[in-house]
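Number of protein chains: 2
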Amino acid sequence: MGTTQLETVPEPKYWHLKTVLSEALDTDFSVGEILPNERDLAARFGVARATLRQALEQLELEGRLHRRRGVGTTVAPPRMGVDVSTSQHTWPGTADDVWQSADCTTGTFAAAPAAVGRMFTASVDGELHTVRRTRMTHGQPVAAELLYVPAASVPELPAIEATSGPVRARSVLRELQRLGLDGQDRAVELGSARADDAKELDRLPGAPVLVVTTRYFVGGRTAAVSVATYRADTCRLTFGDSGDLEISHHGPAAHAS
Amino acid sequence: MGTTQLETVPEPKYWHLKTVLSEALDTDFSVGEILPNERDLAARFGVARATLRQALEQLELEGRLHRRRGVGTTVAPPRMGVDVSTSQHTWPGTADDVWQSADCTTGTFAAAPAAVGRMFTASVDGELHTVRRTRMTHGQPVAAELLYVPAASVPELPAIEATSGPVRARSVLRELQRLGLDGQDRAVELGSARADDAKELDRLPGAPVLVVTTRYFVGGRTAAVSVATYRADTCRLTFGDSGDLEISHHGPAAHAS
Chain A
162 MGTTQLETVP
172 EPKYWHLKTV
182 LSEALDTDFS
192 VGEILPNERD
202 LAARFGVARA
212 TLRQALEQLE
222 LEGRLHRRRG
232 VGTTVAPPRM
242 GVDVSTSQHT
252 WPGTADDVWQ
262 SADCTTGTFA
272 AAPAAVGRMF
282 TASVDGELHT
292 VRRTRMTHGQ
302 PVAAELLYVP
312 AASVPELPAI
322 EATSGPVRAR
332 SVLRELQRLG
342 LDGQDRAVEL
352 GSARADDAKE
362 LDRLPGAPVL
372 VVTTRYFVGG
382 RTAAVSVATY
392 RADTCRLTFG
402 DSGDLEISHH
412 GPAAHAS
Chain B
162 MGTTQLETVP
172 EPKYWHLKTV
182 LSEALDTDFS
192 VGEILPNERD
202 LAARFGVARA
212 TLRQALEQLE
222 LEGRLHRRRG
232 VGTTVAPPRM
242 GVDVSTSQHT
252 WPGTADDVWQ
262 SADCTTGTFA
272 AAPAAVGRMF
282 TASVDGELHT
292 VRRTRMTHGQ
302 PVAAELLYVP
312 AASVPELPAI
322 EATSGPVRAR
332 SVLRELQRLG
342 LDGQDRAVEL
352 GSARADDAKE
362 LDRLPGAPVL
372 VVTTRYFVGG
382 RTAAVSVATY
392 RADTCRLTFG
402 DSGDLEISHH
412 GPAAHAS
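One line per chain: the protein sequences are A and B, in this order.
Take 162 as the starting number for the first sequence in this note's numbering and just add one per residue.
Take 162 as the starting number for the second sequence in this note's numbering and just add one per residue.
Hints listed in this document are in silico derivations from the structure and should not be mistaken for laboratory results.
Quick caveat: nothing in here was measured; it's all calculated off a predicted structure.
Errors might be hidden in some of the hints.
[As the list claims (entries may be wrong)] A few chain A residues facing chain B, derived, Cβ under 7 Å:
no. : residue
1   : 307
2   : 350
3   : 397
[Stated by the list, open to error] Pairwise CB distance ranges, derived in the manner of DEER restraints:
no. : chain 1 : residue 1 : chain 2 : residue 2 : range
4   : A       : 209       : B       : 241       : 36 to 42 Å
5   : B       : 231       : A       : 200       : 54 to 60 Å
6   : B       : 288       : A       : 239       : 25 to 31 Å
7   : A       : 229       : B       : 313       : 41 to 47 Å
8   : A       : 276       : B       : 231       : 41 to 47 Å
All C-beta atoms, glycine included, are put in the ideal place defined by N, C-alpha and C.
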């Protein structure tokens with residue numbers, strides 16, 4: 162019934178405009194160029210401003226436009242491919258880690274989001290370290306991460322030093338690397354930027370983001386959980402080439418590079 | 162400067178409301194329950210309707226609410242984990258394939274989106290087969306796919322049979338499976354549902370979607386490209402456990418199952 166109902170819903174008014182605008186972006190504008198203001202654009206295409214605004218929102222969702230307060234609407238460059246494959250999400254803190262540690266705080270499991278707490282199968286009574294990190298690409302912050310590490314995962318963490326700050330963050334990461342990582346799994350979903358992440362990513366709170374959640378397994382248990390918030394406007398998350406296919410018996414796994 | 166500017170931007174009005182509403186969803190409502198109408202909700206929380214609407218939009222983006230024309234706003238169940246790891250995106254058409262072929266059309270490369278055309282390194286002068294498929298989970302369509310296969314990739318495709326429709330789609334897939342797949346890469350990005358995909362996914366055009374683009378390599382060349390549009394409201398894309406880590410020399414790669 163839902164389908165029947167949808168069939169009778171006409172295409173929204175702004176839809177055709179969006180297509181026309183999209184073509185105009187290709188032919189009449191260059192990357193970084195500031196678009197005329199909404200009133201002029203609406204007049205140029207002969208549409209109401211509300212319709213225009215919907216089309217602009219759509220193009221922003223598709224990464225074709227950037228809209229920034231005080232700057233206006235600019236033509237976006239193609240999205241950056243940001244590698245989120247296993248090699249970029251190894252045990253946090255390894256030498257080739259693309260993440261920069263900013264801070265570390267320690268609290269209870271209750272203070273973490275409920276969804277994060279549920280991912281830990283054990284030790285939810287103890288303390289939880291939260292390492293805040295940032296991922297930079299070409300000098301721009303592309304992702305903000307909260308890395309949750311139960312105190313039970315890093316029992317040999319020195320107790321004498323500072324209990325927060327970047328030094329503490331590095332200590333937690335160093336302890337993590339002493340563990341033998343069994344594997345990890347990852348999920349990607351749509352989210353909206355929390356106020357603190359938004360600030361770090363130079364976005365407004367509520368902006369659409371891609372949330373990558375990674376569970377790190379040690380000894381069959383979840384030893385750490387990373388919740389990384391990527392800018393959805395500028396990033397395309399890439400998962401690299403996987404040559405280890407089930408059907409690789411058809412021939413040698415010659416990776417295309 | 163951008164950062165300084167953002168620091169002075171106060172949290173949007175609806176932000177606190179969103180948090181309060183989110184907690185109310187956990188405690189006062191159950192999954193599938195229809196929320197009171199906007200006027201009643203606005204009165205209950207003592208906010209303007211515009212503020213309420215922004216908070217509801219935010220919660221929809223985060224997958225907490227479903228809003229459907231003619232039904233109203235309901236409390237969403239937790240998002241489904243939908244496996245998009247290599248094993249679910251093997252050569253299209255293998256026995257355990259979760260995708261259902263619906264149609265196949267043949268045209269020129271020029272008719273395909275420019276971004277798709279650029280992914281093929283060769284043979285862009287010939288014809289291009291486009292197979293349309295749907296992925297079902299628990300009887301619900303969760304993704305719509307366009308699989309682009311250059312005619313040059315499947316030279317032995319029988320010419321005598323129907324040139325479109327599901328039978329043709331199966332023939333194209335059968336020919337693909339004769340090729341030795343070297344590897345694949347995958348990217349995930351935010352998009353908005355095209356009208357045809359939206360209809361198939363029971364959404365309105367322009368709804369936010371997660372677009373998974375997969376390139377299939379044969380002999381160092383791109384032999385096929387899949388553009389799969391997943392519902393962003395109901396799906397969490399999962400990438401399975403990867404035990405094949407660079408640091409697996411720390412210990413045996415015992416996959417957590």
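Taking the hints in turn, this is what the structure says about them:
no. : hint                      : result
1   : 307                       : 16 Å, violated
2   : 350                       : 4 Å, holds
3   : 397                       : 4 Å, holds
4   : A:209 - B:241: 36 to 42 Å : 38 Å, holds
5   : B:231 - A:200: 54 to 60 Å : 34 Å, violated
6   : B:288 - A:239: 25 to 31 Å : 27 Å, holds
7   : A:229 - B:313: 41 to 47 Å : 44 Å, holds
8   : A:276 - B:231: 41 to 47 Å : 31 Å, violated
Violated hints for the displayed structure, listed by number in ascending order: 1, 5 and 8.
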